[in-house]
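A.B. asks: Start from the sequences and build out the full structure, keeping to the hints where you can.
Those protein sequence lines, which keep their order, are chains V and C.
Numbering (this note's numbering) for the first sequence: 1 to 289.
Numbering (this note's numbering) for the second sequence: 1 to 328.
FYI, nobody ran anything at the bench for these hints, they're computed from the structure.
Note that the coordinates shown come from a computational prediction; the quantities given were computed from them, not determined experimentally.
Just to be clear, a hint being listed does not mean it is correct.
What the hints assert, rightly or not - In silico SDA-like links for lysine to any residue, alpha-carbon gap of 25 Å or less:
id, chain 1, residue 1, chain 2, residue 2
1, V, Lys83, C, Ala188
2, V, Lys83, C, Asn300
3, V, Lys26, V, Ala115
4, C, Lys99, V, Leu265
5, C, Lys99, V, Gly66
6, C, Lys99, V, Leu91
7, C, Lys179, V, Gln85
8, C, Lys99, C, Ala188
9, V, Lys83, C, Leu289
10, V, Lys26, C, Arg296
11, V, Lys26, C, Arg97
Listed here are the chains, written in short residue letters.
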Amino acid sequence: MDILIFGTISASILLLSSIGFSMVLKTEGFINVAHGQALLVGAYGALYLNHLGLPLWVAAVVAAVGCGFLGVAMNRLLFRPVKAQGILVLLFTSVGVAYVIYGVVGALAGKRMLAYDLPPMRAWQIAGEPFMTPYELAIVALAIASALGVHVFLTYTWAGKCIRAVADNEDLARARGFNPRRTSDIVWFVATALAGLAGIFLGIVGSLHTQMGWQQIIMILAVTVLGGLGSIYGVMLASVVLAFGIEIGLTVISSNYRTGLAFALIIAVLLVRPGGLQSLWGGGQLRSH
Amino acid sequence: MTSGLILFLVSILSLGAIYAVLCMALNLESGVGGLWDLGIVSFFGVGAYTYVLLTAPAAADYQAYIFGFELPIWVGAVAAMAAGALCALLIGPPTLRLKREYFLITTLAFAEVIRQFLTNESWLTNGVAGIYGLRPPLRDVVAPGNYGFVMLGMLLVGLAVVTLIARHLIAAPFGRAFKAIRENEPLAITAGIAPKRQNLMVYVLAGAISGLAGVFYIWFNTIVTPGQFTSDVTFFVWTALIIGGLGSLRGALAGGFIFVILHDILRFIPVSGEAAATVSSLRTALIGLVLIAILRWRPNGLFPERPVAFRADSEPAPASRAMVSRNA
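C.D. replies: Put into structure tokens, the structure is as follows:
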């Protein structure tokens, strides 16, 4: 039962953190290491606003939207100008951005562990067993809603179609009248806002500390590789598989091996299926980079 | 004050030399070999621990690590290189099959697994507490005040040897084969070059050199803890190499020193405890800014790779040059 509950919660947060990362990877073609630090900005931004007196849910929304605009700004000012230089330059620009964000947040917030000021709530009981607290249930519900939202957004809206078209073939999309620049702004906004939200949830479930961005990016990378690079549906499956895999694995192995276990899992999967989980339904074969 | 400053500079240069050795290893595999490895810290850590476990005295009763043979330093150094190479030989064959981004993340994954292994298997490594009081070479024969200079000298000699070997390898058929693969892989294969074999060889070589860098790091630090071998090191070495110039020997040399100077120069300014945390955070931000700026305006680094021109003796000087062009 515990495995089921903890697995669901950590899968939800992993999912929220990884969707945006995967969207950026798919449309921009590079591994955005700064994505982990967007979680940090979201978490500490919400904390700051919360301390100013806003209720946490308002603070969370404002912080997530703020993260979205930060993402657009990063894209326009930092990533787009070097896009022509290739993915290695983009990757290490994002490492530089991650250092800057990490350093600035660290300097402002200090290295202490912090937590949100939430009234404690007892876990609901189901058949005498402790179930989730209302907070945790809200997080799971919001994560599922966000995943469905992203699916609907990509499948049925004009902007979503633009994103998929640009990700598949930018030149063709441009020829058909899609605007790749606007599309990439939308991607960055959605991706970074979701990351900010995930950071806030991570802070609600656990605590806030300046290393959380680095820790979570490691897990995001694991999820993304497991799902297949840039496959958004692969990521959804992978975060569930990974979260439950870890919770189940931890019943056998010492909990110090948390991320180690995640990576052992992806190493095992990659050796069998070098294309990640998406290759189960034939995805990823046409990717040229 | 001045003697303090000099000692500080000597220690910064020593650390710079260690980073330069790591840059050399990374440059061989990434700049020359084209392998984007985010796990270089694995071999660094494995080398360091191998060296410590073989050369340290046996564990005291409050410690828990095995071996501690007090073997001579050169045995430890050779074993560290062998361990780094062996580690690469084990990780290489499965991971080198993967495509670029997958390779990148999988090597990062291995580094993380190895770090957690070093942290948690305290019967082997004494865990988070690490192993302290390791005696670097020549410690007993030199006056303590002068030891910093001796250390710097030893590290510079080590760096020079590694540089010479790297330079030779890049100019040798081994290195030229990589340039051929990089410029035109089908043609290189037709010419009898086996890319997979080449990749594995350079990966193992980088493992051995990083293992040696691990030994140098132990000499410099005299302690070993798992916390020294986080993926931060990997990113720092990459940053250093990119600042210097990926693919260029001078770039790798200069990058190591420039990075350490940028990163540590602020340490000399005395600040209070509370401010120290802020300063160390801002230091990281500064590194990030420099990295972004270099990639924006000097994407080939401060010392970019120069094209190598071969000219037959009989030909007149600038006409008809066979160029081995450089990549982006």
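A.B. asks: Between lysine 99 (chain C) and alanine 188 (chain C), does the CA-CA distance stay at or below 25 Å?
C.D. replies: The hint holds at about 19 Å.
A.B. asks: Verify the proposed pairing of lysine 83 (chain V) with leucine 289 (chain C), using a straight-line Cα cut of 25 Å.
C.D. replies: holds (18 Å)
A.B. asks: Does the structure keep lysine 26 (chain V) and alanine 115 (chain V) at a Cα separation of 25 Å or less?
C.D. replies: Violated - the C-alpha atoms of alanine 115 (chain V) and lysine 26 (chain V) are around 34 Å apart, more than 25 Å.
A.B. asks: Take a quick look at whether lysine 83 (chain V) and asparagine 300 (chain C) sit within 25 Å of each other, Cα to Cα.
C.D. replies: Holds. Lysine 83 (chain V) to asparagine 300 (chain C) sits at ~15 Å (cutoff 25 Å).
A.B. asks: Does lysine 99 (chain C) pair with leucine 265 (chain V) here, judged by a C-alpha cut-off of 25 Å?
C.D. replies: Holds, because 18 Å separates the two Cα atoms, which is no more than 25 Å.
A.B. asks: With a cut-off of 25 Å on the C-alpha distance, tell me whether lysine 99 (chain C) and leucine 91 (chain V) pass.
C.D. replies: holds (16 Å)
A.B. asks: Would you mind confirming whether the straight-line C-alpha gap from lysine 83 (chain V) to alanine 188 (chain C) stays at or under 25 Å?
C.D. replies: With a Cα-Cα distance of about 29 Å, the restraint between lysine 83 (chain V) and alanine 188 (chain C) is violated, given a limit of 25 Å.
A.B. asks: Taken at face value, is the distance from the CA of glutamine 85 (chain V) to the CA of lysine 179 (chain C) at most 25 Å?
C.D. replies: holds (20 Å)
A.B. asks: Mind checking the alpha carbons of lysine 26 (chain V) and arginine 97 (chain C) for me, to see if they're no more than 25 Å apart?
C.D. replies: holds (22 Å)
A.B. asks: Tell me if the straight-line CA distance from lysine 99 (chain C) to glycine 66 (chain V) falls inside 25 Å.
C.D. replies: Violated - the C-alpha atoms of glycine 66 (chain V) and lysine 99 (chain C) are around 35 Å apart, more than 25 Å.
A.B. asks: Please verify whether lysine 26 (chain V) and arginine 296 (chain C) have alpha carbons no more than 25 Å apart.
C.D. replies: holds (23 Å)
Taken one by one, the earlier hints fail for this structure at numbers 1, 3 and 5, listed in ascending order.
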